[in-house]
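**Student:** Sequence:
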Amino acid sequence: MGDTYQYPVFFECQSLLGEQKKRIEKYFRIRRRSGGGDCGPLRRVNDKVYSITFKWQRDQQRVLQRPEHVVEFLGGRLAFTVRDSLETHTSSPTTTSTPNQDSAAPAQSSLSIPASTPPPSDEAHELQPDRSPRPYLQEEKEELKKERTVSNMSTHMLDFLRKAYGGPGMLGDFLGFDNEVEIELRDTELRLFSFSAGKLDDAEKALQVEFMEVKTDVPNCLSSELWKKLTSKTNEMNQGQWRAQVLFGSDSTVYLLGHTKEVEELNETVTQFNLQRTVHLPVPEVAQDLVNLSEGNTVVASYSLCDGLQVLVCQGDITKQEADALVNAANEDLDHCGGVAAALSKAGGSEVQRESNDLVKYTGKIHTGDVVVTTGGNLKCKKLLHAVGPVAGKAGGKEKLLLEKAVNSALNLSEIMEFKSIALPCISSGVFGVPVTVCSEAIVTAVKEFGNQGGRSLSRIILIDNRGEVVRAMQEACDRLLQGISTRDSMPSGIPTGDLGSLMDAAAKDTAKEVMTGAPEGRVHVEVVQGTIETQQVDALVSPMVGHDPLSTRVANTLYKMVGSQLTARFRKKAGEETLPGDAVLVENLPGLPSNAVLFLNLIPWDDDEDGTAVQVLRVGINNILTSCENKGFGSVALPVLGAGIALRFPDIEVARVLLEEVQKFEQSRASKTPFLVRITIHPTDTEASEVFKAFTKNIHSPDQVSTSKRIVLLGKTGSGKSNLANTIFGEAELFATYNSPNSGTTECQTETRTVKGRSITLIDTPGFFDSERSEEDIKPEIMSCITECAPGPHAFLIVLKVDRFTEHEQAVITKILQYFSEDALKYAVIVFTHGDQLPKGKTIQEFVSKNKNLSDLVKKCGSRCHIFDNKYWKNKQQNDYRSNQFQVEDLLNTVDKMVMENSGGYYTNGMLQTVEEEIKKEEEQIKQSSGNMQQEEIRQHAKRNVSNRFLIQLAGTATGALLGAFFGVEALLRLVIKDVKGPELMKYMKGFLIGRAPAAAAAVGAEAAVVATGAAISLTTAALATGVMGGIIGHDAAEGAETAMEAAERAANAVRDKRQSVLRLQ
1 MGDTYQYPVF
11 FECQSLLGEQ
21 KKRIEKYFRI
31 RRRSGGGDCG
41 PLRRVNDKVY
51 SITFKWQRDQ
61 QRVLQRPEHV
71 VEFLGGRLAF
81 TVRDSLETHT
91 SSPTTTSTPN
101 QDSAAPAQSS
111 LSIPASTPPP
121 SDEAHELQPD
131 RSPRPYLQEE
141 KEELKKERTV
151 SNMSTHMLDF
161 LRKAYGGPGM
171 LGDFLGFDNE
181 VEIELRDTEL
191 RLFSFSAGKL
201 DDAEKALQVE
211 FMEVKTDVPN
221 CLSSELWKKL
231 TSKTNEMNQG
241 QWRAQVLFGS
251 DSTVYLLGHT
261 KEVEELNETV
271 TQFNLQRTVH
281 LPVPEVAQDL
291 VNLSEGNTVV
301 ASYSLCDGLQ
311 VLVCQGDITK
321 QEADALVNAA
331 NEDLDHCGGV
341 AAALSKAGGS
351 EVQRESNDLV
361 KYTGKIHTGD
371 VVVTTGGNLK
381 CKKLLHAVGP
391 VAGKAGGKEK
401 LLLEKAVNSA
411 LNLSEIMEFK
421 SIALPCISSG
431 VFGVPVTVCS
441 EAIVTAVKEF
451 GNQGGRSLSR
461 IILIDNRGEV
471 VRAMQEACDR
481 LLQGISTRDS
491 MPSGIPTGDL
501 GSLMDAAAKD
511 TAKEVMTGAP
521 EGRVHVEVVQ
531 GTIETQQVDA
541 LVSPMVGHDP
551 LSTRVANTLY
561 KMVGSQLTAR
571 FRKKAGEETL
581 PGDAVLVENL
591 PGLPSNAVLF
601 LNLIPWDDDE
611 DGTAVQVLRV
621 GINNILTSCE
631 NKGFGSVALP
641 VLGAGIALRF
651 PDIEVARVLL
661 EEVQKFEQSR
671 ASKTPFLVRI
681 TIHPTDTEAS
691 EVFKAFTKNI
701 HSPDQVSTSK
711 RIVLLGKTGS
721 GKSNLANTIF
731 GEAELFATYN
741 SPNSGTTECQ
751 TETRTVKGRS
761 ITLIDTPGFF
771 DSERSEEDIK
781 PEIMSCITEC
791 APGPHAFLIV
801 LKVDRFTEHE
811 QAVITKILQY
821 FSEDALKYAV
831 IVFTHGDQLP
841 KGKTIQEFVS
851 KNKNLSDLVK
861 KCGSRCHIFD
871 NKYWKNKQQN
881 DYRSNQFQVE
891 DLLNTVDKMV
901 MENSGGYYTN
911 GMLQTVEEEI
921 KKEEEQIKQS
931 SGNMQQEEIR
941 QHAKRNVSNR
951 FLIQLAGTAT
961 GALLGAFFGV
971 EALLRLVIKD
981 VKGPELMKYM
991 KGFLIGRAPA
1001 AAAAVGAEAA
1011 VVATGAAISL
1021 TTAALATGVM
1031 GGIIGHDAAE
1041 GAETAMEAAE
1051 RAANAVRDKR
1061 QSVLRLQ
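Residue numbers (UniProt numbering): 1 to 1067.
Derived from the structure by calculation, the hints contain no laboratory data.
Please note that a few of the clues may not be correct.
[Said to hold, decoys possible] Simulated crosslink set (DSBU-like; lysine-lysine; CA at most 30 Å straight-line):
1) LYS827 - LYS861
2) LYS55 - LYS361
3) LYS898 - LYS922
4) LYS22 - LYS163
5) LYS233 - LYS215
6) LYS383 - LYS394
7) LYS928 - LYS665
8) LYS163 - LYS55
9) LYS163 - LYS26
10) LYS205 - LYS261
11) LYS928 - LYS694
12) LYS757 - LYS400
13) LYS400 - LYS361
14) LYS205 - LYS420
15) LYS26 - LYS261
16) LYS573 - LYS163
17) LYS841 - LYS853
18) LYS382 - LYS261
19) LYS233 - LYS199
20) LYS55 - LYS215
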């Protein structure tokens, strides 16, 4: 349990029995009875003292504040006082005896109240269960004088209560009635029994307060988007305890039922969905036309940020908006006399202005950028936050910064008050006269910064205005600034009514995609959660079985209770008379389950052999499960700890090892590019399995820089300012080595990862790949290093050029870039000019680019993505933002974010990069087996170095130009290099193929041998390609057996040179 429970209370009592301890534990867990809450087990400290420990200090304090605690037992009660330490206080606690004299010895105290003691007055009283040795109510139900059937309780709600509180006495204990009221859950009704009519009233009222059912008509309610939202919320709510349930009817009806708080939250989700689906259109003008026809506030766009934070852009009246906090665009005097301030003050009533006046009277004027709190009066909010924004012309050019400060203050204040939602207008854009674009940019920037923080209570931020042009400006700012860190929710797509199977399939895929936001396309995502397998809302869940018996495990029996006899009948029909070990039987559309299908997996019991038959069957079975899901187009599957129960007896550590290994193999071999979710579900009581999986996944599936960081490669000629640019982006002056001389510079690849403005960025600084004076042995290892560092592919190439007079050298670099880069690679490229301070005064970078045709062509091929950096303004805050490095970095990263989104959120890759990544993964597996406790990041670094060295040996005979061209996606060179690294058999095949070619081809080989050896410019004609292949074969044969890259390079160079000389002698 660790330090989860750390706030104890103590009380004196002697010899409690097991059942009595459980009753006391239950008493302290029910807040309405004891003041307590989440607590651990009751423990005996010594002969006379017991203790119980709470998770939260506030629960402990409430328990301590009560003068006396009373726990009802069979035939009597225990009364006692509690203290916060083991030492006895000066006034000793008073403890009554436990009522069952045969069960527990009485405590010696000054006050003892036996169970038969009459009340202290002559007034008539109703018979109480604890006043006589009466057995439990269930045994005497026939003698009870009063009973009641609770009306308005649907069968859906009864089903929910049975799932959540179906055990003996559970519902009564939860409501705080113990044996005073017996609650009976029948198939079609709920009945209450008690001696007291008053208790029946109390119990019925408690049920109505604690539980709620909402039936909502939603046109086209079977939308994958709505299902996704509700599924996500209910999964979160039901972690550890069944709190809510959602049912979709076939008549456009959604049923929300469960605990009142959770149902209200789900109902709000449905309400917002109804608003959103009517106007969420990609064309603002069309959306505006429809908005004008709507009576209420309408959602124009929504964005999902990390950790479930939702940002909504709405058009409507903020005074009618419902949220925990509403933000007012206030002046420094809090005089709400115009604009949105006047509207909010009027709608809120006189209290708003009165409290505002009092605030200013006692604290003085509110500074620009600050936020204060008052009542919301009649507004639909808990509090009204008054944010003082800047006035145009009076902020000294700092309008944007002050607005960001005000919005940040409002968001942080809401967080402190533990609010869940906040609505903001476009502050300062009205009577204060600040341009709408500046306001919207500042507000969204602040929202973005807030969204990068973790552990928030705030889950919804609403940006709202009643002016169409302002709403469009806020939406455009969100599109631009949030796209790199969010998923933009689109219009719900219609699904035919009643097509629940298709709906659940689509919803599960959406859920998987939501989990996968930011991950490479096609990745298999593994989640390890604690929960019950039967409640997982996924496409398919797995039920293990011993042999061919579908009811041989605990999971299967739990499913049987939910589904009934159809479970076994449908299994028999699908499986027939026999299945083999490792077989998976798919049964779809079983009633009563939140999943779309169940996969029954035939396993054999553990045989005490890590590589024995049982493990091999488990491996085959897991692969069959994942393959079946893939073939069915499922997007998610939930698995229990397969084989770890009493029926199959697998050790947890073996299940974790085999399961995660097989998932990794499946990920590496699957061809599909759609995300797939594998959810390993550990029962809440299985703490041992939880710890085992936690240890395994720490190294195997912890986020690493490959999956979570944007990889950016800096390319350019030596002296162009690549390293300076890298330092500027990271805000560290000496992280990447820089050189003053134009003839010296970066000589080897350097890779660093940092967090920049809320983004994880990996920068790969390279030497001058395009320098003509660099030697073959110098440059090829660095190209290979760059390839392994950015595998499986970079998110962006920054092609770095210097603002300067373009000499022949600069022209040659541009020519090489255009030659080597494929059209696909240029989709991921941005041109960055350094030394922007050297740009002639009054001249724009666009004018500079247009003067050079090759340069202009390059920029156009990069989608006109072009940025400029002023080296001399390092970290300075300039009067003009665009001259500041801080502004320029943000602008560049926004361009990269947008480019990544335009490329479907992925990265640039090709066959070579994928081959390198495959080899790195294989190398990682080998290192893990012998590395002990080496961290994942260290393992990957070792793997990359090993793969880089191995490939250098294999590619010893391949020209540098061919390797560079393959990196940037030139198809012919890509095929050539992949053939080199894929294995000697391909080399032998190509050797035989080319030896039999016509003499013309052989002559071409001789004529171009120098090209192969020196890595000079490459022609993509047939002859040149043949030359490259032959050069690779010569070099590969010569390098065979070399132990180092340098030895391989020397052998290959000598072999190609000798071959060239022999050809020349023949001529």
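**Student:** Now tell me if each hint is right for this structure.
**Tutor:** Going down the list of hints, with the structure as the test:
no. : hint            : verdict
1   : LYS827 - LYS861 : holds, 8 Å
2   : LYS55 - LYS361  : violated, 43 Å
3   : LYS898 - LYS922 : violated, 33 Å
4   : LYS22 - LYS163  : holds, 22 Å
5   : LYS233 - LYS215 : holds, 18 Å
6   : LYS383 - LYS394 : holds, 29 Å
7   : LYS928 - LYS665 : holds, 15 Å
8   : LYS163 - LYS55  : holds, 26 Å
9   : LYS163 - LYS26  : holds, 19 Å
10  : LYS205 - LYS261 : holds, 16 Å
11  : LYS928 - LYS694 : holds, 17 Å
12  : LYS757 - LYS400 : holds, 17 Å
13  : LYS400 - LYS361 : holds, 29 Å
14  : LYS205 - LYS420 : holds, 28 Å
15  : LYS26 - LYS261  : holds, 22 Å
16  : LYS573 - LYS163 : holds, 28 Å
17  : LYS841 - LYS853 : holds, 22 Å
18  : LYS382 - LYS261 : holds, 16 Å
19  : LYS233 - LYS199 : violated, 35 Å
20  : LYS55 - LYS215  : violated, 36 Å
Violated hints, listed in ascending order, are 2, 3, 19 and 20; each of the other numbered hints is respected by the structure.
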